[in-house]
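Trainee: Two chains, two separate frames, one set of hints: put the complex together.
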Amino acid sequence: MTDIARLTIDGIRRGLQAHRFSAVELAAEALRHAEAENPKTRAYLHFSPERALEAARGVDEKLARGEDPGLLAGVPVSVKDVIVTRGVRTTAGSKLLENYVPPYDATAVARLEAQGGVILGKTNCDEFAMGSSNENSAFGPTLNPVDPARVPGGSSGGPAASVAQGTSVVALGSDTGGSIRQPASFCGCVGVTPTYGRVSRYGLIAFASSLDHIGPLARSVRDAAALLQAIAGRDPADSTSAFAPVPDYLAALDGNVRGLKVGLPKEYFDGLGGDTAALMQQAIDQLRRLGCDLREISMPHTRYAIGTYYIICTAEASSNLARFDGVRYGYRSPKSETLADMYRNTRGEGFGAECKRRIMLGTYVLSAGYYDAYYLKAQRVRTLIARDFSEAFKRVDALVMPVSPSPAFKLGEKLDDPLEMYLSDVYTITGSLAGVPCMSVPCGLTRAGLPVGMQIAARHFDEAGMFRLADAFERSRE
Amino acid sequence: MKLTEDDVRYVAGLANLSLADEEIQQLSADLGEILAHVEQLNELDTTGVEPMAQVLYEAGETATLREDVEHEPLGQQAALANAPLPGAGMFKVPKVIER
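Going line by line, the protein sequences match chains S and W. What the first sequence shows, in our numbering, is residues 7 to 484, in sequence order. What the second sequence shows, in our numbering, is residues 11 to 109, in sequence order.
Next comes chain W alone, as it looks inside the complex (with noise of 0.2 Å):
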C-alpha cells in the first residue's frame, strides 16, 4: 500500500492536522510501510464474522442508565479555569464569519 503525499495531505486536512513539508515525506513513508503490515489481515476470511463492537456483553440494555438525580455540575469558573483564553464566561476564539 503506498500512500502518496497528496494524499497525506488529504488526510491532514480531514484531521486538522497542519505538517511540514518534512513530516508529510516521512509519513508518506511511514503510513505506507505500516498499511503494508496491515495488509496481512485479508489472508482471513472474514465472512459471517460478527465484528467487535463492545468488548463485553454482561449488563442488560438499559442497566447503564444511570438513576435520574439531580448533582452540581462543574461550574462555568472550573469549567473556563484551563481555557487558553476565556472571556465573558466565555470561550473566546478567532473570528469564524468573514464581514
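Next comes chain S alone, as it looks inside the complex (with noise of 0.2 Å):
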C-alpha cells in the first residue's frame, strides 16, 4: 500500500484524506510488518494488536463522521516498556514484572491515543531503565539496526531502534540521563528530553524522580514534535508536571536561525576525538552557513556531573524501588517462611545485576553517616551545574554539542565495567540534572557507517526554539 517502514505522520494523514488507505488498513499492516521485521532486532518484548485495531477503528470512525481524528490520527507508535499500558503487560525490562498487567494507562499514553495514535505494542529497555545499552534487559539485548553486533544504545534502545528500524514511524520513551538522546544517536534517529514537568510522568514506572522525562522518538524533527504536542501539558495526576502553556511546535519548523546564538561549551569538546569530533565539527560548520551566530562558552561544574548524577539518580531509585517487595504486584520468591525473607529474597531474586547496583550505591549515599557527605553535597553540585545553564542562556538561545563520546560500541564490550559504562553518559547527564530541554539529531556517518547524533540543548520550556534549530539543521542536510 505505501512504503511502511518510511512513513511520516503528515503522509499518514495525507494516505487517510484521500483513502488511498484507512487506519485499521493500515494498523493490519504496520503490525503484519513489525512482527515479521522484529527479530532482526528484538525492538519489540511484545505486540498490542487488539489495541492497535480499536484504536484505528476509533480514527476510521471519526473521519467517516467527518470529525478531526487527532494530530496522531492512525500513526503506529511503540511505548517503551517502562511506561504502564492499561490490559497491555508493562515488564520495565524486569524479570520482577514479567507478567505485570497495569490497571491504568500512563498519561502520555491516553493522550497519544486521544490523539488518533496506534500502539503497536511495547518495545525493550534496559531493567527499570537503568543502563546505556539495553544490556540490561531481563529478556535479552535489542540489537542495533544499522549493525546487530552493536548496542542500539539504552535505556530506550527498543524505542529508538524501531523507529530506525521503521517497525513504528514514532515511539515513547524515557530519559533520566540521556536514555532517549544516546540511543537515538547510536541508531540515527531524532530523540527529545522534553523540559522537565513539560511532560507528565504519571505512568512512567519511577526509577528517579526529579530526573526521570517521558518523551519522543522519531525520524524526523517535525514528527517528534508532533508526537510532544500531543502528550505535554500540565496533568493534574503528577504534580511536578508544568502548568506553562504548551506553544504550537509545528509552527515554529519556518527554518528561520539566521542570527540565532548558539553556544559550543568547549568542555564538552575537550578529549572529543574520532570521526565524532570530525562530525561535530562538520555540523558547526553548517550551523555557521545557516547564519548561526556561534559562541565559545564554558561550563565550568560539567566535569562533576557524573559523580553528582550517580548519587542522585542512585539514592532516588533506592526509594523507588523499594515498592516491589512482592506484596501488591510482581514477582514473589516462593521459599520464605517469614514475611522479612520474602521481602529480602523476592527482591534478591528478582532484580538483576544493575538494579542491585544501584539499589545499593543508593542506599549507602542516603545511610547514616553518609548523608551529609554524598546525596546533600550531590544536591548542592547539581545547583552549581544548573547555574551553568542559567548563566549560558543569558549568553545563548541554544547550546550544541555531542551525545555520546563515541558512536554504539558492540555488545558486551562494556558489560564489565559498571564505571566505563557510567562515564560513557558524560555528556546528556548535565542537561538532565538541570532540567532543561535536549535533544539528539542525526548528523552523519563515522567512516565504518555509524550513526552520531549532535546535541542540541535550549532554555526551560523553549522546546519550540530548539525544535526550530534542529529542524532547520536537518533540512540543510538533505
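None of these hints come from the bench; they were simulated from the model. Note that the structure is a prediction, hence the values are computed from the model and not measured. Take these hints with a grain of salt, some might be off.
Residues from chain W shown here face chain S by an in silico Cβ test under 10 Å; the list is partial [as the list claims (entries may be wrong)]:
no., residue
1, Ala22
2, Val59
3, Leu95
All residues carry an ideal CB built from backbone N, CA and C; glycine is no exception.
Mentor: Right under this line is the structure:
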C-alpha cells in the first residue's frame, strides 16, 4: 500500500484523507511488518494488536463522521516498556514485572491515543531504565538496526531501534540521564528529552523522580515535535508537571535561525576525538552556513556531572524501587517462611545486577553518617551545574554539543565495567540534572557507517526554539 | 573509598536485598570504584550553595493542590489483579508474628 518503514505523520494524514488506506488497513499492515521484522533487532518485547486495531477503528469512525481524527491519526507508535498501558503487559525490562498487567494508562499513553495514535506494542529497555546499552534487559538485548553486532544504546534502545528500523513511525521513550538521546544517536533517529515537567510522569515506572522524563523518538524533527505536542501539558495526576502553556511546535519549524546565538561549551569538546569530533565540526560549520552566531562558552562544572548524577539517581532509585517487595504486584519468591525473608528473597531473586548495584549505592549514600557527605553534597553540586546552564542562556539561545563520546559500541564491550559504562553518559547527564530540554538530531555517519547525533539544549520550556534549530539543521542536510 | 564485604552486607540489610557471596564480593569492588570517582565532588567548595531539592520553581505554593472533587478509585478487584497471592479481598503475606 505504501512504504511502511518510511512513513511520516504528514504522509499518513494525506493517505487517510485521500482514502488511499484506512487506519485499520494501515494498522494491520504496520503490525504485520513489525512482527515480521522484529527478529532482526528484538526491539519489541510484545505486541498489542487488539488495542492497535481498536484505536485504528476509532480513527476510521471519526473520519467517516467528518470529525477531526487528531494530530496523530492512524500513526503507528511503539511505547517503551517502562510506561504503563492498561491491559497490556508492562515489564520494565525486569523479571520482577514479567507478568504485570497494569490497571491504568500513563497520561502520555492516554493522550497520544486521544490524538489518534495507534500503539503497536511495547519496546525493550534496560531493567527499570537503568543502563546505557539495553544489555540490562532481563529479556535479552535489542540489537542496533544499523549493525546487529552493536548495542542500540540505552535505556530506550527498543524504542530507538523500532523507529530507526521502521517498525514504528514514532515512539515514546523515557530519559533519566540520556536514555532517549543516546539511543537516538546510536540508531540514527531524533530523540527528545523535554523540559522537566513538560510531560506528565504519571504511569512512568519511577526510576529517579527528579530526573525522569517521558519524550518522543522519531525519524524527523517534525514528527518528534508532533508527538510532543500530543503528550505535553499539565496533568493533575503528576504534581511536578508544569502549568506553562504548550505552544504550537509545528509552527516553530520555519527554518529561520539566522542570527540565532548558539553556544559551544568547550568542556564538551575537550578530549572529544575520532569520527565523532570530525562530524561535530562538520555540523558546526553547517550551523554557521545557516547563519547561526556561534560562540564558544564555558560550563565549568561539567566534569562533576557524573559523580553528582550517580549519587542522586541511585538515591532516588533505592527509594522508588523499595515498592517491589512481592506483596502487591510482580514476582514473589516462593521459598520464604517469614515476611522479612520474602522481601529479601523476592528482591534478591527478582532484580538484575545493575538494579542491585544502584539500589546498594543509593542506600549507601542515604545511610546514616553518609547522607551529608554524598547526597547533600551532590544536591549542592547539582545547583552549580544548573547554574552553568542558566548563566550560558543569558548569553546564548541554544547550546550545541555531542551526545556521546563514541558511536554505538559492540555488545558486551562495556558490560564488565560499570564505571566505564557510566562515564559514557558524560554529555547527556548535565542537561538532565538542570532539567532543560535537550535533543539528539542525526549529524552523519562515521567511516564505519555508524550514526552520530548532535545534541541541542535550550532554555526551560523553549522546546519550540530547540525544534526550530534542529529542523533547520536537519533540512540543510537533505 | 574502600567498601568492605561487611559494609556491603550491612547496606544490603538496609535495602532488604538478599545477596549471594559472589555478589557481595563483586559489589564491594564495584561500589568502591564508583565511590572513588564520586570523591572528586569534594574538590568543590559548596559552602553557601543551596541544595537543589526541586527542579523548577515556576508554580505558586498552592498551585499543585488539585480541585477537591471526587473521582472513581481503582477498585478492589483491579488493585488485587496483579497480586501474587490475593485472598478474601486482601494481599496475603507469610506470617509476621511468631506465636
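Trainee: With reference to the structure, classify each hint as holding or not holding.
Mentor: These are the hints, each one checked on the structure:
1. Ala22: 7 Å, holds
2. Val59: 4 Å, holds
3. Leu95: Result: holds, 7 Å to nearest chain S Cβ.
Every hint from the earlier list agrees with this structure, and none is contradicted.
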